[in-house]
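From first to last, the protein sequence lines stand for chains A and B.
For the first sequence, the working numbering assigns the number 1 to the initial residue and increments by one for each residue that follows.
For the second sequence, the working numbering assigns the number 1 to the initial residue and increments by one for each residue that follows.
Please keep in mind that the hints were generated in silico from the structure rather than gathered at the bench.
Among the hints, a few may not be true.
BS3-like cross-link-like pairs, simulated, lysine-lysine; straight-line CA separation at most 25 Å [unchecked claim]:
1. B:Lys14 / A:Lys113
2. B:Lys14 / A:Lys116
3. A:Lys142 / B:Lys14
4. A:Lys116 / A:Lys198
5. A:Lys188 / A:Lys113
Quick partial rundown of chain A residues pointing at chain B, CB under 8 Å, derived from the structure [said to hold, decoys possible]:
6. Ile55
7. Ser72
8. Leu86
9. Phe94
10. Val95
11. Glu112
Sample of chain B residues with no beta-carbon within 10 Å of chain A, all distances over it, derived [claimed, not checked]:
12. Gly42
13. Met43
14. Leu44
15. Ala73
16. Gly110
Quick reminder that beta carbons are idealized off the backbone N, C-alpha and C, glycines included.
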Amino acid sequence: MSDPKIDGLELKPGFKGMADDTGSDQTMFKGVHWGKAMMWIFLLSDTFIFSCFLISYMKGRGSTLVDWPNASEVFGLHVFGVEVPLLLIAIMTFVLITSSGTMALAVKYGYEKNRKMCGWLILATAVGGLIFVGMQAFEWSKLISEGVRPWENPFGAPQFGSFFFMITGFHGTHVSIGVIFLFIYAYKTFAGHYDDRKRGWFTSMKGDYVEIEILGLYWHFVDLVWVFIFAFFYLW
Amino acid sequence: MSEIKEKEQSTTHKIGIYLWIWGLLFVLSFFSYMVDWYQFQGMLRWSLILLFMFAKAGLIMAFFMHLYWERYALVNVLLWPMTAIACFIFLMVAEFEYTVFTRLFYFVVGG
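Pulled out of the complex, with its shape left as it was, chain A reads as follows:
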């Protein structure tokens, strides 16, 4: 998505281009907005945090001699008298993917300077995030009422609770922060801050639709982390 055209510089593609970019004695990420580069570096560090959580979960689950709780039963729901395994988690996954898709389209319409469409799609993304957080709150209160604590639970190995609350809690915090920013950016988009190049609150940077892409990177990352949590914590 970066703009590969820079005055007075011919950028080569592929690994040759990478060597040239890196050794150019200039900015290394050619055509990449500094905010986007910084967001990527933040996401890289966040990747390490979530990796540490998931690796410690692997270590804890692998080293206990007590049976691990069966996720598809623990997270199952009674719907119309039928026990459906992992139902809530599956719905949460679909909600998050839906909001990820609307965010991707919002970025696209932002770059096309389609203000209304971009704003509505960001708003839809925020609503999707809110639904996700709401369902997570429901899931937490259900498990807490069933007696799951960070130090004990009625289903199996006592470590289950601490890993569950830590990992999904940290992810839920990310979603909540994302929702707050999505609402702020929806307002800024509708108010036309990116068309008027209005300066932001904490920065002298002029408003630009690239900010929607930076926000989108964060939101897709939240979805990306959920892909791994879904696979390792709920399905494994």
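Starting from the known structure of chain A, fit chain B onto it as the hints suggest.
Just chain B, lined up with the frame of chain A:
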């Protein structure tokens, strides 16, 4: 004028690609839910979970996060650190296997 047009094309893509990726993500999520629904066990379960997980993660990163269209300088800075995580996973697998061994040896066998 033509230069401006070219510039616009470089930062935006057809809506079709996003809808395709979106649809694929739904299908892959549905498949990974089916892994649990049909209660596959053992190696089949783990390999399917990992397959669908990496496919979804790859699609999100490549197209929703635009890495497929970024220059290699950025892509490589982001992807090479993942090898450190892979090393860490191998270290911790060795660690938990040793912990299990000591627990079995002292708690079950009796030292």
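Results for each hint:
no.	hint	in the structure
1	B:Lys14 / A:Lys113	15 Å, holds
2	B:Lys14 / A:Lys116	18 Å, holds
3	A:Lys142 / B:Lys14	43 Å, violated
4	A:Lys116 / A:Lys198	17 Å, holds
5	A:Lys188 / A:Lys113	14 Å, holds
6	Ile55	5 Å, holds
7	Ser72	5 Å, holds
8	Leu86	5 Å, holds
9	Phe94	6 Å, holds
10	Val95	11 Å, violated
11	Glu112	6 Å, holds
12	Gly42	12 Å, holds
13	Met43	13 Å, holds
14	Leu44	13 Å, holds
15	Ala73	4 Å, violated
16	Gly110	14 Å, holds
Hint check: violations occur at hints 3, 10, 15; the rest are consistent with the structure.
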